[in-house]
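Asker: The primary structure of each chain is shown beneath.
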Amino acid sequence: MRLLVVEDEVRLATALQRGLISEGFAVDVFHNGPDGLHAAQEAAYDLIILDIMLPGLSGYRITEALRKQENWVPILMLTAKDGEYDEADALDLGADDYLTKPFSFVVLIARVRALLRRGATPRPTVLRVGDLVLDPAAHTVERAGTTVELTPREYSLLEFLMRKAGMAVSKSDILHHVWDAHYDGDANVVEVYIGYLRRKIDQPFERHSLQTVRGAGYKLTE
Amino acid sequence: MFVRSRSLRERITATATALFAFAVAVGAVLLIALQKQTLLRSSDTAALKTAHDVAVLVQSGRLPTPLLTGGGGDTYVQVVDAENHIESFSFGADGAVSLLSTTQLAQARGGARLSISVGRGVQDSYRVVAVPAGQSTVVVASSMSSVEQSIRLLRTAALFGAPFGVLVMALVTYWIVGQTLAPVATLRAGAEEITMAGLAARRLKTPVAHDEIYRLAVTLNAMLDRLDSATSRQRTFVGDAAHELRSPIASARLQLEVAQRLGEATDWNEVATDVLTDIDRLQRLVDDLLVLARLEETEGALGVRERVDLAELATEVSRTYSDARVPLRLSLVGDAAAIVNGDPDGLRRILVNLLDNAVRYATTEVDIALTSTKSPRPSIVVTIGDDGPGIAVAERSKVFDRFYRVAASRSRDSGGTGLGLAIVGDLVRSHGGTITLEDNLQRPGQGEDHHPGLLVRLTFPLAP
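Residue numbers (this note's numbering), protein chains in the order written: chain D, 1 to 222; chain P, 1 to 464.
The shape of chain D in the complex, shown without the other chains (with noise of 0.2 Å):
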């Protein structure tokens, strides 16, 4: 496994790298952000340790572009600071896990375990099917640039068809996600739901992207 340590405390970053070599892994150390997202472009890194104050570029820009690059590398995010905005942000951007500085290094290590376990799927921030986009930091939905304003059932109806894109999901998947376990009311509420958001983000835009699957349920393709 490769590491990549982007990290501008040249001790902290020397000591780290001693203790992940220690650990098995191979680790590449950059001290600026410059360096350390042209090294993450370059080669294929199993997971990214990056310190959110770096100079030349933050950690919040280097994690951002990666991710616009369709770059699913696990990153853990390293901060002095203790904003809990700070740490939403890392995250909301696409960073994978965060850790305030000091911290252990054995938590980090576990971290770092539980990171490449999951491994680098496609963990995009903002969901897009076709040019039907869903922001769920921003909590918006935008359809062909045009926002679409949801109520909040029509938005998780709506967040959960998109996470399932292009597949069909039955009636009574969509009630046990979108609707918590004590909803014993009519299971026709889905139809319902589906007509609202029909009206919304299909028939404006003349699209059929939410589709009728005859004996299965529904599904939203392109």
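Honestly, the hints are just simulated from the structure, not real lab data. Because the structure is a prediction, the values reported are computed rather than measured. Glycine residues also receive a C-beta, built at the ideal position from the N, C-alpha and C atoms. Keep in mind that a hint or two might mislead.
To be verified - Examples of chain P residues toward chain D, derived with CB under 10 Å:
id : residue
1  : Val258
2  : Ala259
3  : Leu262
Fit chain P to the given chain D structure using the hints.
Answerer: Chain P in isolation, oriented as in the chain D frame:
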């Protein structure tokens, strides 16, 4: 105490209503008294006229019986002789007994107006006037019932009307005061929202009318703005300080932890050196933070103020740089005394911080020079010049901000705490001096772009 605990609106209404009620009561009493007086006078005038008319008849001896005077049954006339015996009387009047006793008759003849009560069945009060007609006297009695009735009517009206008026007045006052105070209530609600939502979220709504309340809201908003910017500056500073303090701790901790895990393979000597570097940085940071905190505590006022010879101090400080990475050249221009009033430790720190920076960034040499000047006022000028990369004009004002780092030297391993120039700025200000950053035109930079090095110009007023 009871009154004070009430709202302003209730207090104003209560006070205004009480004053109004008092005025209405006094007015009503006066009005009734005046009205009674007027009615009595007009009744008396009519009675006297009747009496005079009858007296003329008596004296001319053409007295009919009963007298054909008095009207409506509420005016009666009797003519009595000297012994108070009836000589003649009007229709409806008593023909046998005089209305007045002998004493009363004497008083009435003297011009007194008497009020008597005649009871025959229903008690009735009469107003009596008398006019002498020779030996006889004409006595005219007018019933008071109509006067009393109109007074009674007036009193009833006042008794019911006044409280109603007072009530209306109270309600109107309450409403008007409420209208007047409504913007105050809005301000209060706004202030409460700010208390709950925090300073950054919102400001007080200013009323439309540009009145006293508007000016109050504008003033309060300006105060909130100042507080807000002070708080956010403080928050940024605390966040930055936390960041700077945590970094060396994180570094030291990780190095020790990794070294321990590696066990045998560890070069403990190297680890100790590296950890000590972090501890040094931590120590410098804590020192600088303490200096800043103390400067803030005294709000720039110097704790110590004594005569300090800057030339001597500069010579002494320069000597400590004898084995620095670049040579330091000190030149004292002129022989004038360089005595300033100030804190020797503070002045030393100014020189050390600036020289540390200059030595860190200089390529070949650092110059420090002292000159005294007479204009605009007697002062001593200290310049520290280097031939390093210099600082871009746009960044020159920012480098005095706490934890500000020029982008090119962002890496903390250059050794600075990020507080040095902030401390210098505060110290220079508290010594009444000025500090400016300029291009060091005497020494072209040694970098690729030949950007001139940095020249720091310090000016302190000379001690008198």
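Asker: Now tell me if each hint is right for this structure.
Answerer: Verification of the supplied hints:
At a threshold of 10 Å, the smallest CB-CB gap from Val258(P) to chain D is about 4 Å, leaving the interface hint in force. At its closest, the beta carbon of Ala259(P) sits 8 Å from a beta carbon of chain D; the interface hint therefore holds under the 10 Å criterion. With a cut of 10 Å, the hint placing Leu262(P) at the interface with chain D holds, because the nearest CB-to-CB distance is about 6 Å.
Figure legend: structure checked against the earlier numbered hints; every hint is met.
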